[in-house]
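K.L.:
Keeping the supplied structure of chain U fixed, place chain G upon it in accordance with the hints.
Each chain, written out:
There are 2 protein chains.
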Amino acid sequence: MKKAVCLISGGMDSYVAAAEASKKGYSIHALTVNYGQKNNRELSSARKIALCLKAEKHAILDLDLSWTASALTNSSIDIPNGFSASDIPPTYVPARNTIFISLAMAMAETVNADSIYIGVNAVDFSGYPDCRPEYIKRFQALIDVATKKTSGGGIIKLQAPLINMSKLEIIKEGLKLEVDFSLTWSCYRSGKMPCGRCPSCLLRAKGFRQAGVKDPLIVLMKKEKNCT
Amino acid sequence: MKKAVCLISGGMDSYVAAAEASKKGYSIHALTVNYGQKNNRELSSARKIALCLKAEKHAILDLDLSWTASALTNSSIDIPNGFSASDIPPTYVPARNTIFISLAMAMAETVNADSIYIGVNAVDFSGYPDCRPEYIKRFQALIDVATKKTSGGGIIKLQAPLINMSKLEIIKEGLKLEVDFSLTWSCYRSGKMPCGRCPSCLLRAKGFRQAGVKDPLIVLMKKEKNCT
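Protein sequences, first through last, are from chains U and G. If you're matching positions, the first sequence starts at 38 in our numbering and goes up one per residue. If you're matching positions, the second sequence starts at 38 in our numbering and goes up one per residue.
Chain U with its partners taken away, still in its complex shape (with noise of 0.2 Å):
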């Protein structure tokens, strides 16, 4: 069976870039970094998705990253509320995906895995540099001269079938696949329910209510709630 290591982090990307994966008959090798986000309720909702998924394993490495400059890891910059007037958003980590992309690479060749799965795309959050189709290009050819060859000769190749979706098609590209989005964590902040505020949430809320769908998580939430 082949193998794919997907990089999962709890949200709803890279959960739907698994369930792709997991469509096409990989088995998944499943890898979470904890790095210091804010966000850190994200973790336990990666866990879930790789039970969910029925990876073969899970592995959550500790990589501390709250010295970066960004408003997911640094204490000392503010959560926004709203989308950024500027280029480049301050919740942009430096370098996050390709030390992400990095540790699956070394995964990718202790497994022997012929795939790597990220679940960037380029249409919503095209102020991070490190979501773009050209950035994937230019780093499968970095993979090409970098690593060993896998066991059927090939070299590993980087999978980033949500780079051209909207976050509406992503979720309706999710509802086909079975994806449960109630798993799933968006929020940048990690309070009891998501805060309906910072940029993720919103794009979250955007892109259901263009695919006329109630969001799971928030319908589950508000059930709890009534529960207690």
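Hints listed in this document are in silico derivations from the structure and should not be mistaken for laboratory results. Heads up, a few of these hints could be off.
Same chains, same label: a pair holds when it works inside one copy or across any pair of copies.
[Unchecked claim] List of simulated lysine to aspartate or glutamate pairs, EDC-like, C-alpha gap at most 16 Å:
id, residue 1, residue 2
1, Lys185, Asp124
2, Lys186, Asp124
3, Lys61, Glu210
4, Lys262, Glu215
5, Lys186, Asp151
6, Lys40, Asp151
7, Lys229, Glu261
P.N.:
Chain G alone, transformed into the frame defined by chain U:
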């Protein structure tokens, strides 16, 4: 003052590369990774080297890579004596340089450094895929699209000044730069003295022999031994 993030392992090559940066007038931001290497004695060498280089800061990041398939990290794979007959030696750590450079990218973006210095070289350890000129070239192409521009308006430059040097040439260059090789640790094992049998010890000994110089680390250790 221009800033450079210098990857410092505790060995000779990264020290010489960082000394090049220092000579060029860069303020040094040293970065070392405690990745579960069996030769963790190199970490105390890295501390001494950063001090000797008058680094503005020295970060030692913890990242457990003991799960990777490598003789340097994995307790079930022995460190070899002598050189390997295989194309890629068992001491190769999957994606290690890619991980280290990506962490250096995060630091360079955070402190607004314009360069990353790494001590890789292709001549002696040509079996390592991530030590070759083509690897450095493609990583630069990735950095060009993966990061914010520096405040000077440029892109972070990946500098590998030793890429085409043999161990002999690196030693000569280090001596010219007044590098104190007695601070460095190359042995893949972490004994009281270098083992003298692993590939790294053999390569180091050959380099000093060719240079017609006694290895300052061995001289120092013998002296200390006689004093105790």
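K.L.:
How would you classify Lys186 and Asp151 at a CA-CA limit of 16 Å: within, between, both, or neither?
P.N.:
within (9 Å within a copy, 33 Å between copies)
K.L.:
As a check of your reading, is Lys229 near Glu261 (CA-CA no more than 16 Å) within one copy, between copies, both or neither?
P.N.:
within (11 Å within a copy, 60 Å between copies)
K.L.:
Could you figure out if Lys40 and Asp151 sit no more than 16 Å apart (CA to CA) within one copy, between two copies, both or neither?
P.N.:
Answer is within; shortest intra-copy Cα gap is 6 Å, inter-copy 38 Å.
K.L.:
Within a copy, between copies, both or neither: where do Lys186 and Asp124 come within 16 Å Cα-Cα?
P.N.:
between (38 Å within a copy, 12 Å between copies)
K.L.:
With identical chains, the pair Lys185 and Asp124 could be close in the same copy or across copies; at 16 Å between alpha carbons, which is it: within, between, both, or neither?
P.N.:
This pair counts as between: shortest inter-copy Cα distance 10 Å, intra-copy 37 Å.
K.L.:
How do Lys262 and Glu215 come out at 16 Å by Cα distance, when the copy is not named: within, between, both, or neither?
P.N.:
Neither, since 25 Å and 68 Å both go past 16 Å.
K.L.:
Using 16 Å as the alpha-carbon threshold, which applies to Lys61 and Glu210: within, between, both, or neither?
P.N.:
Within one copy, since 14 Å is at most 16 Å while 53 Å is not.
Comparing the model with each numbered hint stated earlier shows that hint 4 is the single one that does not hold.
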